[in-house]
Structure formats: C-alpha cells, structure tokens
Amino acid sequence: MQNWISAFGGRQRLLQLAALAVLLLVVLPLTLDIFRLNLIGKYLTYAFVAVGLVLCWGYGGVLSLGQGIFFGLGGYCMAMFLKLEASSPENTAIQSTPGIPDFMDWNQITELPALWMPFHSLTLTILLILTVPALFAFVIGVAMFKRRVGGVYFAIITQAIASIATILIIGQQGFTGGINGITDLRTLMGWDIRPDSAKYILYFLCCVLLILCLLIGQFVLSSRYGKLLIAMRDQEDRVRFSGYDVANIKIFVFALAGIFSAIGGAMFALQVGFMSPSFVGTVVSIEMVIFCAVGGRLSLIGAVYGALLVNLAKTLLSESFPQLWIIFMGALFIGVVLLFPRGLAGLYDDFVQPHIDRFLASRRKSAPVKREQPIEPVQRSKPQEVTS
Amino acid sequence: MHDSTRKTPAWKRHLLAVALGTGLGFAGAAGAADHPTEKVSTTGLAVNDDTVKVGILHSITGTMAISETGSVEAEKLAIEQINAMGGVLGRKIEVIQEDGASDWPTFAEKSRKLLTQDKVAAVFGCWTSASRKAVLPVFEKENGLLYYPTFYEGLEQSKNVIYTGQEATQQNLAGLDWIAKEKDAKTYYLVGSDYIWPRTSNKIARKHIENVLGGEVIGEEYYPLGNTNFGSLINKIRLKKPDVVYASIVGGSNVAWWKQLKAAGITPERQTIVTISVTEDEVLGIGGENIAGYYSSMKYFQSLENDNNQAFVKAFKARWGEDSVIGDVTQAAYLGPWLWKAAVEKAGSFDVDAVAAASADIELETAPEGYVKVHENHHLWSKLRMGQWKADGQAEVVYESELIEPNPFPEGYQ
Amino acid sequence: MSAPILLAIEDLTVSFDGFKAVDGLNLYIERNEVRVVIGPNGAGKTTLLDLICGKTRATSGSIKFKDIELTKLAENNIVKAGVGRKFQTPSIYENLTVRENLQLSYPTGRTVFGSLFFKVTEQVRERVEAVADDIFLVDRLDTSAGLLSHGQKQWLEIGMLLIQDPELLMLDEPVAGMSVSEREATADLLRRISQNRSVIVIEHDMDFVKDIAHRVTVLHQGKLLAEGKMDDVQRNEKVIEVYLGH
Amino acid sequence: MGGYSGQELTAIFVMQGFSGLSLFCVFLLMALGLAIIFGQMGVINMAHGEFLTLGAYITWLISELASTSPWLQQVYFPFAIVAAFAGAFLLGYIVERVMISRLYHRPLDTLLATWGLGLILQQIYRSTFGPREVSVGMPDWLMGSWAVNDMIDIPLNGLFVMAVTLIMTVGVVSMMYRSRWGIKLRATTQNRLMANAAGINTKRVDRFTFALGCGIAGVAGAAFTTIASTGPTTGSLYIVDTFLVVVFGGAASLLGTVVSAFGIAQSQSILEFFLSGSMAKVITLLVVVGILMFRPQGLFASKVRR
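Protein chains in written order, with the working numbering: chain A, 164 to 551; chain B, 3 to 416; chain C, 361 to 606; chain D, -9 to 296.
No lab work stands behind these hints: they were computed from the structure. This list has only true hints and no planted wrong ones.
Quick list of simulated restraints, FRET-style, between CB atoms:
hint: 1; chain 1: C; residue 1: Phe473; chain 2: B; residue 2: Asn145; range: 51 to 61 angstroms
hint: 2; chain 1: A; residue 1: Trp167; chain 2: C; residue 2: Phe473; range: 12 to 22 angstroms
hint: 3; chain 1: C; residue 1: Pro467; chain 2: D; residue 2: Val277; range: 36 to 46 angstroms
hint: 4; chain 1: B; residue 1: Lys161; chain 2: A; residue 2: Thr286; range: 30 to 40 angstroms
hint: 5; chain 1: D; residue 1: Phe3; chain 2: B; residue 2: Lys161; range: 51 to 61 angstroms
hint: 6; chain 1: A; residue 1: Ala181; chain 2: B; residue 2: Glu144; range: 31 to 41 angstroms
hint: 7; chain 1: D; residue 1: Asn186; chain 2: C; residue 2: Gly537; range: 17 to 27 angstroms
hint: 8; chain 1: D; residue 1: Gly280; chain 2: A; residue 2: Thr286; range: 30 to 40 angstroms
hint: 9; chain 1: B; residue 1: Lys183; chain 2: A; residue 2: Gly353; range: 50 to 60 angstroms
hint: 10; chain 1: C; residue 1: Pro467; chain 2: D; residue 2: Gly280; range: 36 to 46 angstroms
hint: 11; chain 1: A; residue 1: Ile257; chain 2: B; residue 2: Arg272; range: 43 to 53 angstroms
hint: 12; chain 1: C; residue 1: Gly537; chain 2: A; residue 2: Ala181; range: 45 to 55 angstroms
hint: 13; chain 1: A; residue 1: Ala256; chain 2: B; residue 2: Arg272; range: 45 to 55 angstroms
hint: 14; chain 1: A; residue 1: Thr286; chain 2: B; residue 2: Asp363; range: 46 to 56 angstroms
Computed far set for chain D versus chain B, every beta-carbon distance over 12 angstroms:
hint: 15; residue: Ser59
hint: 16; residue: Ala73
hint: 17; residue: Val88
hint: 18; residue: Arg96
hint: 19; residue: Thr159
hint: 20; residue: Val160
hint: 21; residue: Val162
hint: 22; residue: Gly172
hint: 23; residue: Ile173
hint: 24; residue: Asn191
hint: 25; residue: Arg197
hint: 26; residue: Phe198
hint: 27; residue: Phe284
hint: 28; residue: Arg285
hint: 29; residue: Leu289
These figures come from a predicted structure and were not determined experimentally. Virtual Cβ for every residue (Gly too), placed ideally from N, Cα, C.
So that you can see chain A by itself, here it is in the shape it has in the complex (with noise of 0.2 angstroms):
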C-alpha cells in the first residue's frame, strides 16, 4: 500500500488530487446548474492541455507553443467520428449526395474521402485519438531533439507548424470543413449528446478522464523518470553522461503531453459539440501555456486549477467588463511571470500548505508530514540553446 501511494505521488499530492476530485465530482455538480457545469467541463478541457504542459515544460524544460495542434487532432478525430454519425443518409436527404457530411456535398465532394473511412468505428476513433497524436509528436520529437534543437527554438518551430495546420485545415474546407470547423454534432452511438443528461454524463466522464490523467502525470513524475527529467532540466550534459538518451526522454513526455491534449480536445468536441481550426492555432495555444503558468508550471494540479480560474475569469469579466478583460488578461500573464514564477500552485505552497501542515502535525503528534521540498523553476537555459 505504501508502495502504491508513493508510486503515485506520495500522501501529500493524493490528497490534493482527492480534494479535487471531491470538488469537481461532487461540489461542482451539486451547486452549479447544467449551464455553468458545461462550461466547467469545457475548461477542463483546456486543463488536460496544461497538465500536459506541466509535464513537458514545467518538468521537461520543453516549451510548446503547438499544443493546440494535438487538442485539435483529438477534437477533429472525435468530430469526425461524430459527424458521420450526424450525417446518415436519411438525415441528409437532400444534399446531392446523402449520407456525406454537409460541408463536403457544398464543395461538390461526391463521395467520403478514404481520410475519412476509419471515423466509421468508434474503437478505432479512440485508438487515432491516444496514436495519431502520439505518432505525430514522435515525429517532431525525433526530428528536433535528436538534432538538440530545444528552448526558444522548439518554441518557435512549434508556434510555426501550429500556424501551418491552422492554414491547411482552413484552406481543405472540403475535407475539414474549412473555418467553420466541424458543427452541428448531434449522436455517439446513437446516444444524443445534446440534453442535460447527457452533458451530466460527459461531465463526469470528462473529470473521471482527467483525473485519471493526472494519476497517470503523478506516476510519472514520482517514478526514476520524473527525477531524470528534473535532472536533465538542471544538467542535461549530466543526464546524457551517465547514459541516457536525452532525446528519448523529450520525445516520451512531449508525446505524452500530446497525448494528453488531444484526449481533451476529444472531450471537447463531445461537450461543446462542434470543433474549429481557432483550436489549432498559435493563440489557442499560447493560452493553453498561460494556463498551466498561472496554476504552476510545476504541479499538475495547480494547472488544472489554473485553467478553471482563467477561463472563469475570462467569463466573468466579459459579461460585466468586455472593454476590459483583455487587459486583466494580459495583466495577468505580466503578473504570473513577474512576481509569481510558481503560479498558484506557488502561492498555495507557501502560505497554505504550512497551516495545513501544522493543524495536521497538532492533530497527530505520532506521525509528522513530510513537506515535500518545492523545486524552483530555475531556467538555465541560454539564449542559444542549440548545441552546433
């Protein structure tokens, strides 16, 4: 038993994670009604993005700017899926060709591209949305840190093949449905995922999901390999001279980021019911980085609180204020970085955990907790990264 719990984190974080489940499970549902709770679940969408991004940069040092892209391979598999469904050819009786998506029958597309095939099956769906993600960032991952591009460079590539997917898809509307993205989703299986009661359901699945993510984000960090990538953050010659191939051990934690994402953008077409290139992009995906640096870069819980408060906030302030939410966000990102490089995760760490700490050593004299030593987001990354 004690065995699992430090595999997964250690007592302290397992709590942490129990708090949020409770809060999420239970809190959220009972006070909130379905309106409110759907665009929670849509956040959370945008947390499996920075637990991600907690992972590959927080810990691996590896800053994206193209998370958008793997949110959308997700959210475009699931569409896809989704859409088929939607367009039965009784459904779309009156295009010229029933029985294709509407978009593809306005731009003269007589029969389902072989793109398309594998959206028919549901498994197979599942399985494109955990590999295609996956294989993609396997490939950018061999092709840049195998060569030892990283920092500032990856940054910018990244933001660049973003801006790349963002063309394409826009610019293939019969096959993407252009930049009006996928719409208009209706059934999984027959199941409509319209109503309250479903959206109920794709709540819970898509907290259930998350949290199993950051289970899995735990086991990771907690494991020899979570260490090796705090070590290769501080010393990467060091890790490469003791054996380790670096690149293999960016490649794993940005296709797991990856992988990560598209399971939230999978969940997001499912709860928003439509997806759109304006989730590929570079913007998207510099949010998703803010995200994750405003709950802390280096606890994955803190990212999923992040992205529920800045979303929260975005919300509310662009009903009472929209001249001015834009420049609280931006506000916020100056402040986050400038005085608060740990987020809030940060800020909870310093002034909330100690009472926590002493009201619990009070209790239980016997047992004293072990404070888990806050590791400093220390950047010693030059300029010019790229080893020549």
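Since the structure of chain A is provided, determine the placement of chains B, C and D on it from the hints.
Below, chains B, C and D alone, put in the same frame as chain A:
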C-alpha cells in the same frame, strides 16, 4: 470606448435619435394592457408587463470587433427607436449585451447563456459564418430566435434564424449579369480570402459565368486570412488581363490588396474590379482614394436617396456621431429589431414558435434599403445594387435590380 | 611492463572555423593507469575529453576504446561502453538529494520505459550506500545536492560516475576550489578508484599531479608536447619553456 | 505561359522580381528589430507586432494633423517615421525597465510576459482608436507607380519601403559593427560578467538595445501604412513569420537575417505566382520548418568552441 472621441454629449444624441426614430413613421404600438403577459409569453421567456428582454451578441473584443461594431450600433439604435415609440406589445425592450470575443465557442457559450439563463425573446447577433454555425445548434436546441445580419454563403435555413443579409445567389448573380453586359466581359479572375464564404460565392459565380453568361474563368485563387502581400497576384492579373476581377478578400488583407493595386499602377479605367466584400466600413480603412472607380455588389449603400434611408442615416449619425459610416451589414442589422417587432405584433405573442411562424411574409415598407419582405425560407427578398466608389468613401449606385427571391439552396449552382 | 592498451587515440584533429583546437594528436592509455593531462590554457585539454566522450565531434582521426570506435558513437552509448566523464564545474542535479543523484546514475533502467518502472531494489540501495561511503557523503544521503559544499559537489559527481563502474574515468580539474584536506581526501579517493580502472585527469595543481600521476601528458596548442613520468616531463626543456617556466 | 510575347514575359519577370523584393523588405524591416532583441539579447518579444502597430498609429495621427493643409500633406511622412521611431523607442525603453530587465535569465518567460503585454497594447489601441481600421492619408509622391515603359510599372510605395529598409539595415549594421555601442552590445551578449568588469554599463546597453529594436519596429509600422492596413491587430499578422525569418537566418547573425528574409520572400513570391496563395504560404513555411529540422542553428551560425 470607440465613440468617446465624438463631440455631441450622449444624452443629447440619444434624444435626437429618439425624436428622429419616432419621425420615421412606423406604426404605433398597442398598450401592454391589451396583451396580458400570460397570453403573450407561454414558454417562460423574460417578459413581464413592462419589459421584454432581448440579447445582442457580437464581438466587442478580438479581431472581429472591427466588423461587428457597426451592427451593434445599428441594433441598439433600432431598439431605442422602437422603445421611444412605445416598445413591442406595450413592453419596453431591455437589451442584454454579450461579447463573443471573436471566438466561436464563446459565441456558443454566450448564446446558451442568453437563451437558458436570461431567457431572451430574441437575439440579434453573430457576424461570421463560423460564429453562426457555432450557435445554430444552440438556437435549435433551446428554441431561440436569431436575427443574423451578414451577407453569407447560403446553404442554410433554419426555423430559428432570420437572415437579414443576402445569401450568395442574391448578392452575386444580378451583379454579374450587369457587369457582363455593361463591360461586355468574357473573362473573369476570381480571388478571395481562403475560407468558406469567398469559396462558396466564387463557386456560384463560376457556375453562373460558365453556364449562364457563357464567359470564362481564367483564374481562381485564395490567400490566407491576414495575408498582406498581393504582388504576385497583381502580376498574374496583369499578365492574364481578365475583363473582370471578382474579389472577395476580407479583413486586413483587403486594405493591403487595394493599396497595392493602386501602387502597381492598376486603374479602374484599365481594369474592372467588382468586389463583394467592401462596404462603407471597409472603405474607412482602405481609403476612398485607393478604391475610387471600382464596384461593390451589395444590397445597400449609405448614399441611397430614398426617404427611409435619409432618415436612418440622420438618426444613426445623431446617435453614434457624425463620422459614422453605414455599410450593408449595419443596415441589415438595423432591420433585425424592426422585423422582430413586426412579427411579434403579427403573432400577438413573444413565443419563439409563434414569432417564427409569423415571420414569413412580414413586410417592411420603411427599411432604409427600401421595401423588404421575409420569405418563408426566413431570408429576405431584396434588391441588388452595384455601387461605384468615389474618393470620399461613398458609393454611387449605378445599377439596381428588381426584388430578388432568396434561394439559399440554389439548384444548378452546387 | 606494457599493459594492454585501453584507449588509443590516433591522428585526432578537430577544428572550429579553421582553428585547430586539437591537432593530429596520438595518445595511448593503458589499463589501470592514472594519466594526468597538463598544459597551458587553451592547449586543448578539455576539448580532448570532449572528443573522447562524444560531446564534440572530431574533424578527423580515430578514438578506439577496447576496439570500439568512439568517434561515431552517440554520447550515451559511449557511456554504456564504459567511459565516464566529470565536468570542470560540478554538474550535479541540485534540485535532487544526494541519494537521488546517485540512484539516477545507477546503470540500469536507462530507457524511457525502464526508468518509468524502475524499482529501487536492495541491490541498488546497497550500491548507492557503498559509493556514498567512498565519496565521504554517506551521512548526507538525504540532503539536497544544492546544499553541499563545492568540494562535496565534486565528490558527488565522481560518485555518480563510480556507481556506473566505468573502465575509463575522465576527471576535469577534480580538486579545483578544494581545501587542502579535501585535496588529500580526493587524492586518496583517486588512488582507491584507480585500482581496477584507467583514469584521465586534467589538473593544474602540480603537487596534486605529482601525488597521483602514473604518467603525464603535456599538450600545447592542440599538439602533444611531451609525455612520460612526472619527473622526466618536469625536466623537459620544451615543457619548461611553454608552461612550467611561467 | 504560352501565348505571351517576349516583352510581356520580361515585364512580368521584372515586376515579379520587384514584388519578391518588396516582400523581402517587409520581412527584413520586421525582422531587423527582432534580430537585435532576440538574436543579441535572447529576449523573445511577442509584443513586437504591437510596437509596429504603435508606429503605424503614430503615423496615422500625424497624417490626420497634416491633412489640414495640402502642403503639410506632402511633407509629413519623413517626420512621421521619425516620430514613429521615437514613440516605439520610448515605449520599448519603459517596457525594458519595468518588465524585461527582470527576466533576462528566463528567456521562455519573456515570451509569456510580452505576449501579455501584446494583449494589453492591442486592447488599448482598440479602445483609443476604435476597432475599425484607419486609413493613413498618403502624400501624392507615395501613390501610384513609376511607369518604366508600357508594360512595367514599379510601385512607388514599394520603392519607398525598400529605401527605408535599406537605410535602416545599413544604419543597424554600422551601429553594430562600427559604433562604440555596437562593441559594447556584442561584448555584453558574449560575456555579460566580463563586460561588466570591463566597465560597460550592461544594464544601459540592454535598455538601449531593446528600445532600439522596438524603435525599428515602429519605423516598420510607419512604412507599412503605405502598403497594408492599420488596425489594432495589424502587427500580430506578421509575428509568426518574422520569428521564423530570424530563427531561419541563425539568431545571432544579422547577415543571416537578411539572407533568410530574402530567401523566404522570394520563394513565397515565386510560388504564389505559380500556385495559389494559400498553398504557396503553406509550402514555404513547411520548407523552412523542414530545413530548420536538419539545420536547427539556422543558415548562418558560427561553430563555437564551448
């Protein structure tokens, strides 16, 4: 805010606008007493004895704020005028405004909020096709009513949407007919920003050119949104010398396109260009001197000389400042509240089903663009006008078609 | 006395934009030998270690380690072949504890999945503690490595190499910044660990060099200037001219 | 290309070359400021586009003032460029002082903070100048084209942008390699500690360098009013391309930036001529990213002994 630079104090502008609005001569409203709330609202909409709530949903922030500002202003003006006349079924209209932030899920989210939380009786909003596509399932599921102002690609029809702008056949066909005749045009070059509306419009244009006009399309190409370099395209046009360039370039690209055309020594005398994406709003950014002499194919221009329009322009300027310009979409947005008012009064109810059903055949004699009528497919019968731009940023209407029936699913053009 | 050769460097050259940092170098290291490389600044000493461990790629020439050609091998595979290298500035993982530093260096589970499912067995624990004992850090095992003194950090890095049991150990200025007593302890440590492996040391401290070196190699401007016993080298006039005489 | 006369083809060839050159100038003018800030200081300034926008709005304000008199209308533009430089320089100076100076050891964090700054600036522009695009009134000598012969028209605004680019590039290069500031800057970027020890006030060098980079962006903004739009989001259109230009050239090399801007601009321009605009863009970007994967240090990066 954007109107802070203008001179007249807000209250004064407001009063003036209201006074002008009443002067427009719309039919007066009956008192609320004749229409008890429990009768006019049976589905739990936000209606009481004194007020009825409606939503305005446009982007105030983000990249689309450029385009959507005019629509917000027009919708607010119409609502203020209606209120000054006594409201709808004796109830004052209260506006709940939400910001779509140029982000489609935000549009979906806000529309759901307007419909399920605020229970608004109607929503005036959306601008891009993508935002409309994002909110459409919400409106259909929550049974809301959306008045959508933009000219768009068609291929859509919904019980829950009234399209006050033109669909693609209305905007393209008559204009092409005219230019083909006027300029004796045989060859056409189609260019556009790379997204759904230019592509669909050009598809319809191409079919019409090839199958009806017997002309030839000698080039068709698309540039990414935000592209600002058109040197190569201009050279291609120069080389192929089409009789007509048919352009649907939008946003920041639009400005670059016209400026670079002018700089490349291309003049309206040497090259006829018809655009379907430039209204008075865009000309503000392009600069009248850069586009003077070229044509826009639209249903409305600010310079229309009928009485309705003159009153409207006057009221709009009084309310939003003398510098305001009014484009096609702004006018279409202005129609929304009036069409809704007429349909509610015809139905005698705010219930969405009743209003939607009553909408067909609603007529508006007083529209700035002239007479309009709602088709049973929820689009408007409207005219197509060809405007030739002048250096002062206004257009001279050089052609006006008959009323055109809206046809969102055109046979033979798909 | 010729013991078998462990490392054979032949005609090794590397140039940076035309500047030859190592120029046609030949060098042979025997088994169980402690070789000290000395030379003035810029002589190419650190570059030589970089070349052997793969951090820098040779322009031409060969480096053979037990018949394995190292110039074509990836860094991590050079390590796996049995070459360990300590850097000039102590490079340890300051955010981890001494124990974690040593455990990470333990030479199994070095693939991604190996490290994900790595279990700290009794064997690993014993080995970590034995090495910690060697490097005088056994009572600091749970200290964060960032809190160690400079000398202790040097030891820890040596320990991280030792735990991999390399056949060739390369140390770049291991006693820089150490106190006299730490130096003596380090010399003692070096003697102990060179029992069953070869060691290449770069060092400026001549007393320390005398203390540990079996043989000394003097580099100058990327070329071999002299090689032999410390006493012979010290008497070599060329060496005195370029280096010791200053 | 059948059916065209040799003369026509020559004319197109000339004008097509010119069109590539103008795009090259646009890229280079944008990238110059970034090359200094990113290449020399390692700061990722995501708000670079907003400095450009500032320059454009300053130009617009001055053009509005100048529109009162036809004479002013003809001569205001050079002054507008100077003012755009000064405005962007000043803002850059303040931003460096308040924000960037605290982040030098965290390059990735400068990216986030400056992105936040970019958001704020965009919204400030939107609130101040309105969300709509504005049109900058051009003096006559900047309008229209220079007809070399019947076939060839060379756009005057393109020539103007080229001239500005040339002046800025020469200015920056001579500052970097000829002036005392250049020596100080290069000393600082190569070894900050040593530069400090040698009596260089590295903080002042940083501040000046960052402000200069922003100032150049301001000039770019002023120059771009002649060929493209001026709105709150104008600058952000260029940012991804520009970073790619700088990285592709090899971040620390000014020559690299010039060559990469030229290469990317010409290939995009030529591809645009033979393909559709969207595909040209995608292919150009893909090729650049592809080359970067094989040569991550960019085109021009010196091999340094470490």
